[in-house]
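Q: For reference, the chains in residue letters:
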Amino acid sequence: MQLVCPAGNLPALQAAVDAGANAVYAGFRDQTNARAFPGLNFSDDELRAGVRYAHARGTEVYLALNTYPDSARLAAWHAAVDKAAELGCDAIIAAEMAVLDYAARTHPGLRRHLSVQGSATTAPALRYAHERFGISRAVLPRVLSIQQVERLCEKSPVAIEVFAFGSLCIMVEGRCQLSSYVTGASPNRHGVCSPASFVRWDERDDGSRSVRLNNVLIDEFQPEEPAGYPTVCKGRFEVGNEVFHALEEPTSLNTMELLPRLKQAGVAAVKIEGRQRGQAYVRSVTRTWRKAIDRLAVDEAGWQPLREWQDELSRHAEGHQTTLGPYHRSWH
Amino acid sequence: MKLSLGPLQYFWPREKTLAFYREAAHWPVDIVYLGETVCSKRRELRTADWIALAEEIAGSGKEVVLSTLALIEAESELGVLDRLVAHGRFRVEANDLSAVQLCRERGRSFVAGPSLNVYNHRALAMLAEDGLHRWVPGVEQGRVLIGELKDAFVAGGGTMPELEVTAWGRLTLSYSARCFTARALDVPKDACGFRCIDYPDGMPLATREGRPFLRINGISVQGEEITDLGPELPELRELGVDILRLYPQETGMADVVDHFDLARRSLTPPPRLGFRNGYWHGEQGMPIAAG
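For the protein sequence lines, the chains are F and X, in the order given. Residue numbers for the first sequence follow numbering that gives the first Met the number 0, beginning at 0 and rising by one. Residue numbers for the second sequence follow numbering that gives the first Met the number 0, beginning at 0 and rising by one.
Any given hint could be a false lead.
Listed next, with one range per pair, are the computed distances between beta-carbon atoms [what the hints assert, rightly or not]:
| # | chain 1 | residue 1 | chain 2 | residue 2 | range |
| --- | --- | --- | --- | --- | --- |
| 1 | X | His25 | F | Asp201 | 36 to 42 Å |
| 2 | F | Pro156 | X | Pro12 | 26 to 32 Å |
| 3 | X | Gly157 | F | Leu305 | 37 to 43 Å |
Which stretches of chain X does chain F cover? Using the computed rule of at least three CB atoms under 8 Å from a CB of chain F, they are [as the list claims (entries may be wrong)]:
| # | region |
| --- | --- |
| 4 | 99-105 |
| 5 | 209-215 |
Here are some, though not all, of the chain X residues that point toward chain F, as calculated from beta-carbon distances under 7 Å [unchecked claim]:
| # | residue |
| --- | --- |
| 6 | Leu77 |
| 7 | Ala122 |
| 8 | Leu172 |
| 9 | Ala176 |
| 10 | Ala205 |
| 11 | Thr206 |
| 12 | Gln283 |
Just so you know, the hints here were simulated from the structure itself, not pulled from any lab data. The beta carbon of each residue, even a glycine, is placed where N, CA and C say it ideally should be.
Sequences and hints are given; from them, build the entire structure.
A: Below you can see the structure in the form of structure tokens.
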């Protein structure tokens, strides 16, 4: 089972490689990937250096090209595919049909993984991407229960990768317009969710705070109350006279305790979310999952999630809380 | 320009749903989309009932399309999808890639629904090879994006498929594995009691300062406002839109249909009854960014 880790910049890439990632995933510094944040991602030279560093240590590099180009901008995504091939990336992670099709035709030797943004949740959907674009792997949206993941692994024509740890999108990836509805900045089109330029914090004299996204009140916090980043899905709203996290609490996904089941199901790779996080996060989370996967390889019967692993992961979780999320039926 | 009645997005009691469509059979709409697109647990009408209703409405001379679930997770849901595709008499609105693939495997033409991600002319061309007959763009695509796609598609030698644009209704903004209605009522999804039947136009969600913001509708989240592209009809005509989609709502639907029926036959655009759709104008979808 492979460990696939995030690399928002060159130091994070090196940290992931050094901490035992089997593969790292990265993006170019533009809107061709779903973490198009200021100060993040790779220039051509940085990616070239990153590929050299990773390959010298037996680690693969995947390039995230997982946004949806409109007709006028399609050429820029094609150029990014060309560049991924030229810089020696091992695979691209893409969601959009024209991008996948172009890659399959132009660079058949460059492996194609279907991104989580491709929203493929069933065997027929995976067959489509396999037959149409020759994908060799698919990353599943974070909507399926563990039982559904197991059944899908049996029927999938391609290798399956699932999210193991990190910030939890609770909406089907590739099909969430909450950010674009409020700000016009779209995960699918622009690679961003609730960008900072639309966020406004206001602090009152008593230390309480409110946070708005393009003027829409997302949440209010008491003095000293921990406050997370204001995405619409993790705000507090009023429904039926009650104020609560109507969509989801600020919490992170952690599937550590499911690791043996994921392995038995035949999941080919587990993925760590977080290209927007720093190298300390990447190093620590990668190292922890490396230990867990290595331990599982030598002692499947006696494997237990160790307290120290879970503590380490919780330190890096949103609000220091983790959940099994959709893998567990009670979350639904 | 044709009018269509989009699929019912909410969960209504059986009799109310049947009464709605019996009435709709006499409305001046040309196309009726039937079926459950949000949650497979909504079974006041089962698949066989939807198909029977489809036969009935087709008998009144309207085109009927069977819409599929936007999010398919369970084997049983795939089974229903397969039945809809295999039935063969009615075209299917494919709302995810599973539906596209099943149509492709069975050689059936389909309507590409708004929750399929079609952002450029190449994607549309590939779906046309797969059997796409009509395209309903996703919610965040407005006049400029659709126009550019169309120009590129035609420049590439393609003949544009029928183009259907949502002219009236709440925009569905996201889908999840989680049922937000069940969460709001503090009941487990697996024992939800089908409580969304109590919210025939969705469950209102407001900000903490009381501004109406979203609608919770089972596993989907919608914008609060009913969007209305009536005043933009001249632009829609110029763009070559073939069909105006109107989404069912609990009350006043006959008036909405009459409004658009009159508008499509008039040279002057109608006044706006609903809200401006920001996406159409290349902005955020939300109509105004007020506090």
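Q: The structure should be examined with respect to each hint, and the outcome stated for every one.
A: Hints, one by one, checked against the model:
1. His25/X <-> Asp201/F: 36 to 42 Å: Violated, since histidine 25/X and aspartate 201/F (Cβ atoms, about 54 Å apart) do not stay within the stated range.
2. Pro156/F <-> Pro12/X: 26 to 32 Å: For proline 12/X against proline 156/F, whose Cβ atoms are near 42 Å apart, the range 26 to 32 Å is violated.
3. Gly157/X <-> Leu305/F: 37 to 43 Å: Given range 37 to 43 Å: violated, Cβ gap about 57 Å.
4. 99-105: holds (count 5)
5. 209-215: Since three or more residues must qualify, the claim that chain F covers the region 209-215 of chain X holds, with 5 doing so at under 8 Å.
6. Leu77: This interface hint holds because 6 Å falls under the 7 Å limit.
7. Ala122: holds (4 Å)
8. Leu172: holds (4 Å)
9. Ala176: holds (4 Å)
10. Ala205: This interface hint holds because 5 Å falls under the 7 Å limit.
11. Thr206: holds (4 Å)
12. Gln283: holds (4 Å)
Checked against the numbered hints above, the structure breaks hints 1, 2, 3 and satisfies the rest.
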